[in-house]
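Make a model of the complete structure from these sequences and hints.
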Amino acid sequence: MSTLIEPTALTNPVERVLRNDRIPTIWCPGCGIGTTVNSFAYALMASGADLKKTAIVSGIGCSGRVSGYVQLDSFHTTHGRAIPFATGLKLANPELTVVVYSGDGDLTSIGGNHLIHAARRNMDLLVVCVNNMIYAMTGGQAAATTPGAATSTTTPYGSFEPELNIPQLVDAAGACYVARWTAFHVKQLEKSMTEALKKKGFRFIEVLSPCPTLYGRRNGYADGLAQMKEYKELAKVKNGAPTYEVAITTGKPIIVGKFVDRDRPDYLTLMRSQLGAHYHEIAEAGVGCGDDSEGKEGCCSC
Amino acid sequence: MARGSVAVTTERCKGCGFCVEFCPTHVLALSSAFNRKGYHPPHMIEPDKCSGCNLCGMYCPDFAIFGFKTAETKPAAIPAATEAPAPSEAMEAKEV
Ligand SMILES: Cc1ncc(C[n+]2csc(CCOP(=O)(O)OP(=O)(O)O)c2C)c(N)n1
Ligand code: SF4
Ligand code: SF4
Ligand code: SF4
Ligand SMILES: [Mg+2]
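Protein sequences appear in the order of chains U and C.
The first sequence begins at 1 in this note's numbering and counts up one residue at a time.
The second sequence begins at 1 in this note's numbering and counts up one residue at a time.
Since the hints were made in silico from the structure, they are not lab data.
Honestly, I wouldn't trust all of these hints.
Claimed, not checked - Chain U is nowhere near these chain C residues, computed Cβ spacing over 12 Å in every case: (1) Met1; (2) Arg3; (3) Thr9; (4) Thr25; (5) Asp48; (6) Lys49; (7) Ser51; (8) Ala71.
Said to hold, decoys possible - Part of the chain C face toward chain U, derived, beta carbon under 7 Å: (9) Lys14; (10) Gly15; (11) Glu21; (12) Met58; (13) Phe66.
Think of the CB as a built atom: it goes at the ideal place given N, C-alpha and C, for glycine as much as any other residue.
Okay, here's the thing in structure tokens:
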């Protein structure tokens with residue numbers, strides 16, 4: 001006969017930054033997304049960020065649900081468009097700390113171009129990419145991140161496409177902070193998120209996360225725990241590893257760590273310095289033709 | 001004497017076993033009891049070995065468990081866990 005430990009008057013510290021009335025989450029048993037949220041919650045608290053001036057933006061997907069569970073100004077945008085939405089938010093209100101939290105499909109497949117150009121512009125955003133290697137929410141179709149040979153609903157004989165090495169992509173495009181962890185690395189992930197929250201410029205953290213329901217069960221993992229154990233077994237921490245060496249290959253070591261940490265002026269800093277005295281003139285007058293009279297839609301691209 | 005303990009919100013648990021597997025001192029096991037959704041939430045099988053490190057809390061994807069330190073002499077010190085890193089007063093705005 002076993003006894004259950006009943007909830008006490010104590011509350012879980014992460015509840016201070018969660019929307020507790022939304023829990024239980026929609027996530028499946030053994031899904032790793034919630035585990036990454038713990039690291040994020042502790043990072044938010046440790047970073048000293050002013051939570052009234054911190055916003056979280058997600059696209060669509062199981063991972064995209066994160067914004068709805070975190071007690072910040074939360075934006076659940078359209079599929080693939082979390083980064084352009086966040087860019088607009090940041091440019092319109094530069095004092096905000098803006099975090100994008102979304103899935104691999106959302107950020108690197110449909111949203112891939114936005115990812116490249118936000119990194120190139122060094123837009124002042126922290127992007128957390130939950131990589132479960134699949135389009136989970138829509139039923140487990142192969143994504144750009146599905147490892148070669150993995151089985152999915154759209155690749156029943158295995159995928160014929162090599163997977164995207166996301167850290168290499170964002171490094172090449174100019175991101176100033178690039179790290180990869182897994183849902184097993186809760187402490188390292190928290191530290192990385194804390195560090196990245198405090199840094200300026202385009203910061204990117206990839207987190208591998210189990211999706212037992214749509215990736216795991218088609219690829220030999222009994223449950224989420226089996227995938228977590230594999231992360232523990234296969235992960236090799238290599239801080240500073242050249243990103244061209246960190247592609248994920250089935251059954252091979254998973255290279256994790258902080259790969260890139262450099263400083264270069266972000267978009268807003270460059271804009272302000274190049275515009276000089278004109279910056280305030282333009283900010284006040286706004287850009288475009290200035291004709292915002294009623295019924296005057298689409299007169300130009302202003 | 002245990003240096004820590006855990007609190008479990010049994011109804012949130014989905015029985016994934018992460019907390020059981022990754023507790024460094026193997027304090028937990030999934031119980032044979034069911035919660036309302038039919039999952040087996042964890043319970044302490046080696047309570048004396050709990051350090052209150054909260055790794056179980058870090059791993060739990062459903063925010064259903066957390067560990068906290070207990071002061072040996074006064075159990076009243078338990079709420080200290082809830083005083084730890086204070087976020088800003090921003091949390092007062094509880095709208096959804
Ligand atoms: C414009 C558009 N195209 C397609 C979809 C369907 N859709 C919803 S979620 C999703 C994939 C999500 O995959 P990912 O971002 O990896 O998130 P996950 O569910 O795996 O966490 C797709 C294709 C959509 N909602 N909108
Ligand atoms: S389908 Fe996969 S990613 Fe989505 S909630 Fe379930 S386990 Fe998580
Ligand atoms: S607090 Fe630490 S030692 Fe105690 S049960 Fe949780 S993981 Fe184990
Ligand atoms: S990690 Fe959380 S959801 Fe999973 S078995 Fe433990 S308490 Fe339950
Ligand atoms: Mg995905």
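Tested hints:
| no. | hint | in the structure |
| --- | --- | --- |
| 1 | Met1 | 18 Å, holds |
| 2 | Arg3 | 16 Å, holds |
| 3 | Thr9 | 5 Å, violated |
| 4 | Thr25 | 16 Å, holds |
| 5 | Asp48 | 15 Å, holds |
| 6 | Lys49 | 15 Å, holds |
| 7 | Ser51 | 15 Å, holds |
| 8 | Ala71 | 14 Å, holds |
| 9 | Lys14 | 4 Å, holds |
| 10 | Gly15 | 6 Å, holds |
| 11 | Glu21 | 6 Å, holds |
| 12 | Met58 | 4 Å, holds |
| 13 | Phe66 | 4 Å, holds |
Violated hint: 3 only; the structure is consistent with all others.
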